[in-house]
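> What follows is each chain in one-letter form.
Protein chains: 2
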Amino acid sequence: MSLQVIVSVGSMNNIISFNKVSGILVCEAGCILENLISFLDNQGFIMPLDLGAKGSCQIGGNVSTNAGGLRLVRYGSLHGNVLGVEAVLANGDVLDMLGTLRKDNTGYDLKHLFIGSEGSLGIVTKVSILTPPKLSSVNIAFLACKDYSSCQKLLMEAKRKLGEILSAFEFLDNQAMNLVLHHLDGVRNPLPASMHSFYVLIETTGSDESYDREKLEAFLLSSMEGGLISDGVLAQDINQASSFWRIREGVPEALMKAGAVYKYDLSLPVEKMYNLVDDMRVRLGNLAKVVGFGHLGDGNLHLNISAPQYDDTILEQIEPYVYEWTFKHRGSISAEHGLGLMKANKIHYSKSPETVQIMASIKKLLDPNGILNPYKVLPH
Amino acid sequence: MSLQVIVSVGSMNNIISFNKVSGILVCEAGCILENLISFLDNQGFIMPLDLGAKGSCQIGGNVSTNAGGLRLVRYGSLHGNVLGVEAVLANGDVLDMLGTLRKDNTGYDLKHLFIGSEGSLGIVTKVSILTPPKLSSVNIAFLACKDYSSCQKLLMEAKRKLGEILSAFEFLDNQAMNLVLHHLDGVRNPLPASMHSFYVLIETTGSDESYDREKLEAFLLSSMEGGLISDGVLAQDINQASSFWRIREGVPEALMKAGAVYKYDLSLPVEKMYNLVDDMRVRLGNLAKVVGFGHLGDGNLHLNISAPQYDDTILEQIEPYVYEWTFKHRGSISAEHGLGLMKANKIHYSKSPETVQIMASIKKLLDPNGILNPYKVLPH
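So the protein sequences, as listed, match chains A and B. Read in the UniProt record's numbering, the first sequence has 314 at position 314, and its numbers run on one by one without any break. Read in the UniProt record's numbering, the second sequence has 329 at position 329, and its numbers run on one by one without any break.
Just so you know, not all the hints are guaranteed correct.
Which copy? The list can't say, so a pair holds if one copy fits it or any two copies do.
In silico lysine-lysine, DSSO-like type, Cα no more than 30 Å apart, as pairs [what the hints assert, rightly or not]: (1) 54 to 328; (2) 263 to 363; (3) 161 to 134; (4) 364 to 146; (5) 346 to 363; (6) 153 to 328; (7) 363 to 20; (8) 289 to 161; (9) 153 to 20; (10) 364 to 346; (11) 289 to 263; (12) 363 to 376; (13) 364 to 376.
Don't read these hints as lab results, they were simulated from the structure.
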């Protein structure tokens with residue numbers, strides 16, 4: 001019998017400092033993300049990450065899992081935004097890497113080992129993070145595209161024409177839309193005239209309401225004229241904006257309500273991303289519904305397969321095919337959710353044996369007895 | 001007698017791929033930064049880093065030293081922008097971490113160990129990097145402030161009011177300005193009416209020429225009215241813009257021409273940064289000129305001390321005082337230039353003993369015989 005200990009940092013939930021000149025926040029690991037968002041809102045700043053689970057997730061966990069989320073396309077990953085961490089090692093040593101500097105080239109930047117290593121090298125106890133100023137003008141458009149190629153071209157155009165104000169570029173296919181409309185109360189299709197193959201949510205964030213809106217309107221007009229979008233609507237108020245986000249963020253919930261679901265969180269080259277959804281539909285035929293949605297702007301596909309109940313026949317059609325497909329296209333089998341227990345043995349689909357070997361050596365160096373988050377991340 | 005080998009990757013200078021949808025560039029380590037900038041310019045993209053040495057420095061070196069430079073305030077550090085590297089280890093193993101994905105949470109993100117470790121853990125041979133779209137509208141203002149406190153307030157205001165278009169916030173003090181005016185041919189003061197205590201260069205980059213210019217003009221007007229700036233001028237054409245940058249970028253060259261120079265590249269909390277310059281002036285009196293300039297937007301001070309010739313009396317007044325001062329304020333003794341040979345033994349001013357110990361263990365793990373860039377980075 002082996003004893004297992006669960007460590008909670010939930011009561012370490014103090015904000016240690018906030019500097020309004022630099023925008024640098026230092027806090028304890030147990031701070032709930034949403035509380036940090038509220039705190040910063042009062043100071044005129046925002047967190048560089050936002051995700052559906054913000055009401056319960058803690059910043060220490062966000063950092064330990066290198067959480068991605070909705071603002072990554074604009075503000076980049078936590079490896080760029082986290083300036084420092086304090087971590088407790090397996091032997092009890094407290095490692096003070098809690099810098100509050102944007103630039104620091106003194107030796108190896110060890111904090112990156114603790115960002116995304118899922119607690120397996122140390123327990124993150126404090127975090128220092130660079131927060132951007134809050135910009136007052138947010139606009140959201142909900143659009144329809146006739147095919148995936150149009151979604152891609154729209155992304156390229158949005159990057160160029162919306163440039164510095166683009167803050168989200170999300171997509172869902174019509175299977176995902178159908179599920180949301182069918183299973184979530186009070187959700188309706190903002191483009192009800194006909195069903196389209198793909199839906200795209202574009203958000204802009206800037207500092208000038210009238211100018212930003214004009215810019216987005218001009219972009220939508222030219223995209224409509226160029227045939228990239230078939231239909232579209234711009235949110236007229238904050239309630240409509242929330243209802244657009246509700247559709248995109250509601251997909252996982254709708255899938256849960258629809259029955260059994262096999263979930264894959266993949267990074268793939270944008271131009272090939274949706275081919276996997278098509279291929280999977282061919283493989284599964286009538287056995288299950290294949291749903292594709294996610295953060296198109298980051299090349300991050302959430303491939304979800306929905307069936308009345310869990311069934312080994314279905315699973316055999318999906319795995320290892322989905323991993324092999326991802327490997328073939330040099331993708332990542334875990335874009336933003338981490339490997340955890342279920343995918344630890346599948347790391348070789350995304351990382352070379354030499355790289356995994358060095359990860360194991362570093363694990364052994366920092367946690368020789370393997371007591372931190374055992375059986376996770378690295379292959380057994 | 002010990003044999004030393006110098007490895008050049010200068011002939012590994014091919015661009016391997018560029019993806020116009022994602023903006024991801026993959027190239028060999030020997031590519032000259034300026035060549036990459038030109039290549040991307042033709043594709044409608046830019047490199048997320050730019051520095052004075054671009055005509056000769058190589059991307060592999062930029063990554064290995066985690067180069068900062070002029071665009072960091074907008075696009076962040078290389079830890080955020082570099083998506084992958086290939087590195088050759090001390091034992092000859094080629095470590096393939098050359099991902100081209102914005103998100104990849106499969107195991108420890110080892111590439112960060114090679115960013116900024118100055119070649120001491122492996123030789124970077126290929127790089128994959130996320131490049132932002134080129135935005136067509138660039139505006140530059142050259143401003144005067146009466147004191148350092150005004151420079152700081154101006155930075156806060158610029159972050160909020162210029163928001164998403166702010167792309168550089170640089171400063172120099174009047175000592176630096178005097179040196180540039182005195183030692184560099186063809187440079188003249190854009191604000192000649194009187195000498196001011198501080199000069200600030202603000203650059204904006206956006207996608208709409210007339211709007212961006214209006215925005216910057218409105219910002220300058222309100223800052224002038226609020227007393228934050230005493231004088232200012234907006235570049236009217238590309239030549240004038242270059243002449244403004246020439247002043248800021250010309251400071252190191254002017255210092256070289258002025259005689260001996262003691263150079264320190266420090267990160268400090270913005271609000272305390274200039275106190276060090278003042279303190280140093282008090283310590284040195286008439287012995288030497290103390291010059292402060294740098295990337296104010298990043299909290300990065302270049303403290304340079306200029307004297308007719310090198311003199312141990314001067315050095316004793318500077319060191320270890322400057323390091324102790326930086327330590328006391330939790331700054332970095334090497335913000336963007338790395339520790340190299342000269343500062344390897346000074347790492348403890350910026351990093352805790354436990355952290356340095358782990359760095360040494362990782363060095364031993366990856367380079368047990370200490371053959372890669374010996375005597376550098378870590379204390380002897």
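> Run every hint past the structure and note whether it holds.
Against the structure, the hints come out as follows:
no. : hint       : result
1   : 54 to 328  : neither (34 Å within a copy, 36 Å between copies)
2   : 263 to 363 : within (28 Å within a copy, 39 Å between copies)
3   : 161 to 134 : both (22 Å within a copy, 10 Å between copies)
4   : 364 to 146 : neither (51 Å within a copy, 56 Å between copies)
5   : 346 to 363 : both (18 Å within a copy, 28 Å between copies)
6   : 153 to 328 : within (24 Å within a copy, 52 Å between copies)
7   : 363 to 20  : neither (38 Å within a copy, 38 Å between copies)
8   : 289 to 161 : neither (36 Å within a copy, 48 Å between copies)
9   : 153 to 20  : between (39 Å within a copy, 10 Å between copies)
10  : 364 to 346 : both (20 Å within a copy, 29 Å between copies)
11  : 289 to 263 : within (12 Å within a copy, 64 Å between copies)
12  : 363 to 376 : both (11 Å within a copy, 25 Å between copies)
13  : 364 to 376 : both (14 Å within a copy, 26 Å between copies)
In summary, the structure is inconsistent with hints 1, 4, 7 and 8 from the numbered list given earlier, while agreeing with the others.
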